[in-house]
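The primary structure of each chain is shown beneath.
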Amino acid sequence: MRNIFKTTSIFCALVLLLCVSPKAQLLKKIKDKANQAVDKAFDKKVNETTQPNGDNSNGGNGKVSNKGGAGLKNSSPPDVMAQIADAEKAHNAGNFNDARYSVQQALMGVEIQLGREILKSLPSTVNGMDKDTAANIVMSNNWGWNNLTIQTVYNQKPEKQMTITIGNNSMYSGLANIYFGNTAYVQANDKDQNVKQTKVKGYKAVIQYSDNKGYTLLVSLGQTALIVWECVNFKDEDDVMKTASEFDIDGIKKMMGEQ
Amino acid sequence: MKSFILSILVLTAATCVAQTQDFAKGIATAKSSYSAGKLEDAHFALLQALQEIDIRIGQEILKLLPAQLDTMKANIKEDQVTGNAGFVGSTILRTYGVSRSCDLSIIGNSPLIGTLNSLINTPIIGGMMSDANNKIIKVQGYKGRLTKTPHEDGKASYSIDIPMNNSLVTLKMENGTDTQIMNMANALPLAQIAKLIQ
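Line by line, the protein sequences give chains F and X. Counting with our numbering, you get residues 1 to 259 for the letters of the first sequence. Counting with our numbering, you get residues 1 to 198 for the letters of the second sequence.
These are computed hints drawn from the structure, not numbers from a lab. There could be a bad hint or two in this list.
Said to hold, decoys possible - Keeping only pairs whose Cα atoms sit at most 25 Å apart, straight-line, the calculated SDA-like set for lysine to any residue is:
id	chain 1	residue 1	chain 2	residue 2
1	X	143	X	177
2	F	120	X	36
3	X	195	F	120
4	X	195	X	36
Claimed, not checked - Selected chain X positions facing chain F (Cβ under 8 Å, derived; list incomplete):
id	residue
5	38
6	42
7	60
8	142
As the list claims (entries may be wrong) - FRET-style restraints, in silico, Cβ to Cβ:
id	chain 1	residue 1	chain 2	residue 2	range
9	F	62	X	36	56 to 62 Å
10	X	189	F	98	16 to 22 Å
11	X	36	F	232	37 to 43 Å
12	F	98	X	174	36 to 42 Å
13	F	213	X	178	51 to 57 Å
14	X	80	F	250	15 to 21 Å
15	X	99	F	93	31 to 37 Å
16	F	128	X	35	38 to 44 Å
17	F	212	X	174	49 to 55 Å
18	X	133	F	213	42 to 48 Å
19	X	140	F	137	16 to 22 Å
20	F	213	X	22	34 to 40 Å
This one's a predicted model, so the numbers in the text were calculated from it and none came from an experiment. Quick reminder that beta carbons are idealized off the backbone N, C-alpha and C, glycines included.
One chain only, chain X, in its complex shape:
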């Protein structure tokens, strides 16, 4: 067990060092290209540096997430962080549980943000969209939407969407209750996440 933990720590440290080097490399290329008047090359190098920063931010957020949600343990090996410089920004994914599972995703520059904000902030639209399976909620003071998807076997899956600036935090859970998913959402360090991704 000790050796397993040690190997994970070494791997994490090695990844961080590699990412720092990639960032430094991107910045160095950007500087030299810009000084040489190669604007397009400088632009590309800066985009790469930005991706590296997004990945580092994603890793920092993953470190903040709880090791267990409800009775489900985090599948740390399946953690994913991607930095996309484009329409959709960085993506952070953490899954929990095996037989009963839930997953948490944070997507930067999500295209769904606009629609979700309208739902949450416009009482008329929010009211029209609220039914037995949809409702507007508050988690640690952040507005969000709770969606229930009933299954044929009588069970239900739930999801909570919380917009944070341009990012969308989504928590999904299979086979559970609304109280369970609300408790899980309340266990997330949302204020710290918001600080990192704003």
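Next up, chain F with everything else stripped away, as it sits in the complex:
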């Protein structure tokens, strides 16, 4: 009796499974499709609610973000001779304020030209890296060398990059003075020495390393000028030193008017 009941139960279960299985699969498919459609509709509704204009142009505070423009037209540096002539005229007329402005403009014009010449004098290839002339920057935002920045970038695929900055950017000047004037700090920790003094072609230099920035090498030129090499993805210290020594540091120093 027990056996008969057991056999009947198994038979019924098999029949039920065979009958129901295709239907169940079909039902599952329909259910999945319905879920997808509902999710899509819901997401769309949420997006419409959070972005009333239907695009991503809005910032957090309802401000429209800029999508592009023609930018500024490149203006030519001040005409040095014209500015000198203006300065003379203003000075002779006793208008010292205008004379001062014109001399400042003339100085800016000279600095920009000088910066361009220094950039031109830099080698086109250094230690296997090519100069990226599109990254050239000559910036003179004040007179008297204080904020003159001359910069260019060298690249080697895939990810090796070196940025050279020449000038007397006050930020780096401060950094260099701290290092050059405080040897105890620089040489303090032999175990994890990330900053140390060195020499490049006879010039005093400071080299530092950090995992985020890579190598930074600073060379002090004369009274105020500095050359800074920022080297990303360089193999080691020797690679950095080899790259730096390929530059004509004497020539740069001379062009910067340093003794």
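Please arrange chain X on chain F, whose structure you already have, making use of the hints.
Using the frame of chain F, we list chain X on its own:
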């Protein structure tokens, strides 16, 4: 007395002529160096010309200053004007009085300008920094800061700092009152000074 005044006038005229010549010399060198492609030499010559202009501007400002402040007479012989082409620009200094003294300085490109402007223009910072010895004031419409330094003998010295573009005008007085220094500051030709140094 007449001969003394005459000698001062001659000396002033001679200095002006010398400065004009120095400016002309600097400009001539700048022109010739620039034409010859010697950019660094042109740069240096222009810096020198700029210094000469700064000195002339300083002299013009000194001419505008009153001959007497409160009861103190100007010590014209001690007038100083320097033109520094660097981080700090030209410096103009005039002192007044002998036993009781005050001095006025105008420093171009002063490094203190940034801090002072924050104090003057930011109510929260200005409020925090204001106490019995410091307060924000206005002199002829120009914002500034009045500082009192009490001495042990009960007397006090005062100073007023007024930023003007990149220059800092500072008036200092020993042994006086805040009313006295405010009156003295109000006697200065600030609008004309601002026009020259801007």
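Hint check results:
For a cut-off of 25 Å, the pair hint linking residue 143 of chain X to residue 177 of chain X stands: about 20 Å separates their Cα positions. With a C-alpha separation of about 19 Å, the suggested pair residue 120 of chain F and residue 36 of chain X falls inside the 25 Å cut-off, and the hint holds. With a CA separation close to 41 Å, the supplied pair residue 195 of chain X and residue 120 of chain F exceeds the 25 Å bound. This hinted pair does not check out: residue 195 of chain X and residue 36 of chain X have alpha carbons roughly 36 Å apart, beyond 25 Å.
Given hint, residue 38 of chain X at the interface with chain F, is violated; its Cβ is 10 Å from that chain's nearest Cβ, farther than 8 Å. About 5 Å separates the beta-carbon of residue 42 of chain X from the nearest beta-carbon of chain F, less than 8 Å, and the hint is met. The criterion of a C-beta within 8 Å of any C-beta in chain F is met by residue 60 of chain X, whose closest approach is roughly 7 Å, and the hint holds. About 18 Å separates the beta-carbon of residue 142 of chain X from the nearest beta-carbon of chain F, more than 8 Å, and the hint is not met.
Distance hint check for residue 62 of chain F and residue 36 of chain X: the Cβ-Cβ separation is about 59 Å, which falls inside the suggested range of 56 to 62 Å. Taken as a hint, the range 16 to 22 Å holds for the pair residue 189 of chain X and residue 98 of chain F, whose Cβ atoms sit roughly 20 Å apart. Residue 36 of chain X and residue 232 of chain F have their C-beta atoms about 41 Å apart, which keeps the hinted 37 to 43 Å range intact. A hinted range of 36 to 42 Å holds for the C-beta pair residue 98 of chain F and residue 174 of chain X, which are about 38 Å apart.
Distance hint for residue 213 of chain F and residue 178 of chain X: a CB-CB separation of about 52 Å, consistent with the stated range 51 to 57 Å. For residue 80 of chain X paired with residue 250 of chain F, a C-beta distance near 40 Å fails the hint of 15 to 21 Å. Checked against the hint of 31 to 37 Å, the pair residue 99 of chain X and residue 93 of chain F fails, with Cβ atoms roughly 43 Å apart. Distance hint check: the CB atoms of residue 128 of chain F and residue 35 of chain X are about 41 Å apart, consistent with the given range 38 to 44 Å.
At roughly 54 Å, the beta carbons of residue 212 of chain F and residue 174 of chain X sit within the given window of 49 to 55 Å. The hint said 42 to 48 Å for the Cβ distance between residue 133 of chain X and residue 213 of chain F, and at roughly 45 Å that hint holds. Take residue 140 of chain X and residue 137 of chain F: their Cβ atoms lie about 43 Å apart, and the range 16 to 22 Å is violated. Here the CB-CB span from residue 213 of chain F to residue 22 of chain X is close to 47 Å, at odds with the stated 34 to 40 Å.
Of the hints listed earlier, those the structure fails to meet are numbers 3, 4, 5, 8, 14, 15, 19 and 20, in rising order.
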